[in-house]
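Residues per chain, in single letters:
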Amino acid sequence: MSIAEFSPWPALAGGALIGLAAALTWWGLGRIAGVSNILGQLLVFQRGHWGWRLAFVAGLLGTGAVAKALLGDALPFQLEGGAGRMILAGLLVGVGTQLGSGCTSGHGVCGIARLSPRSLVATLCFMASGMAAVLALSRMV
Amino acid sequence: MARILFAFGAGVVFAIGLLVAQMTNPAKVTGFLDITGRWDPTLAFVMGGALVVFGASWYLSRRPSARPVLEAAFQPPNAQVIDWRLVAGSLVFGVGWGLGGFCPGPALVSAGFGDARVWIFVGSMLAGMVGFNVATGRKG
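Order-wise, the sequence lines are chains A and B.
Numbering-wise, my numbering puts 128 at position 128 of the first sequence, and it's gapless, one number per residue.
Numbering-wise, my numbering puts 129 at position 129 of the second sequence, and it's gapless, one number per residue.
Hints are computed from structural coordinates only; laboratory data are not their basis.
Ideal placement from N, C-alpha and C gives every residue a C-beta, glycine not left out.
Do not rely on the hints blindly, as some may be mistaken.
[Said to hold, decoys possible] In silico contact screen, one side only, chain B against chain A (beta carbon under 7 Å); selected entries:
hint	residue
1	VAL13
2	ALA135
3	GLY137
[Said to hold, decoys possible] Cβ-Cβ distance ranges computed for the label pairs, FRET-style:
hint	chain 1	residue 1	chain 2	residue 2	range
4	B	GLY114	A	ALA136	27 to 35 Å
5	A	ALA58	B	ALA135	23 to 31 Å
6	A	MET140	B	ALA2	45 to 53 Å
Pulled out of the complex, with its shape left as it was, chain B reads as follows:
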């Protein structure tokens, strides 16, 4: 139960951060990507703020004695290889990000605003994820 409440709280803080930074406004996102038009550098400042805070917390967790509060050990991603999947997948994701103005986090927050088009985006995104899992036989 502690883990559930904790994760819910982290999701709430994450969403408040996205709202304050206006990343839940698709026009801000496409404005950042519009480098040949009216470029809006806001997103770079969002990333900067997030990188400093998470970077510091990650650095502190590298001490041998460091443990997460609710788990036995940290579980960092173990993939190391830069392969075609990483490159092709990221390129495909970027095209969708630019077309819609949403990446997954802000899309979930904006889904609460009530515009049916966001629900269409989220439904289609979840369908794409399920389709990928089924096609590749992913088991978690």
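Chain A with its partners taken away, still in its complex shape:
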């Protein structure tokens, strides 16, 4: 297992870019850049405000593919767990974000920045249960 190293400067710069993307979405489209809500609204399969959501998702996917093509194995990526864990984790993230109306971007960044009490509660909940899940995994594996 490789140990992830603490990296504050890229973290701050990357965070600022994420904030900039959220600001662009807000000031351009008047919308919150919450990835789970963008996906959830896409997956009701109804016409309407479809285009911008699909374009946003394409921007995320496409940039990942371009980064891999440019950087190759220099791109840091360490994933533990096999297909079974990915299926369970994905289902929990899919259902949980829709029931809870948001994820790390919508609640954790945009909601807390708007001083939304709902988003603060949501963020404390998913951080606490995420820490509990990692702790439980470390005891089992």
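Please build the complex by placing chain B on the supplied structure of chain A, with the hints as guidance.
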């Protein structure tokens, strides 16, 4: 068309931010959540940077004269109540986040890296979202 291009650009900037911050590396995410092991505080700095920039832009948009460029009005989330759905949903999401090391944004970016397990995660996440929409009769 302007809205589509704009949203695509915002998605690209969002993804570059996640890549620079290494949030697309699941080990960085689980390292942050691993408070009893080798805790890696990186994610807190990512959130801090994002909060300052988006917080400032949101604050400026509160002026009565402020309008988004491509829409008639800002559309902030209107839910106010802290209910069981918010709490239970967020708890469930967190467990999946800790198990996989992915939340939705980074998962979509990492899906472009080519590891089949990320596609399995994303497929399962989308299935969970569709299942939720169908089960609750959501119409958008």
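Broken hints, by number: Result: hints 2, 3 break, sorted rising.
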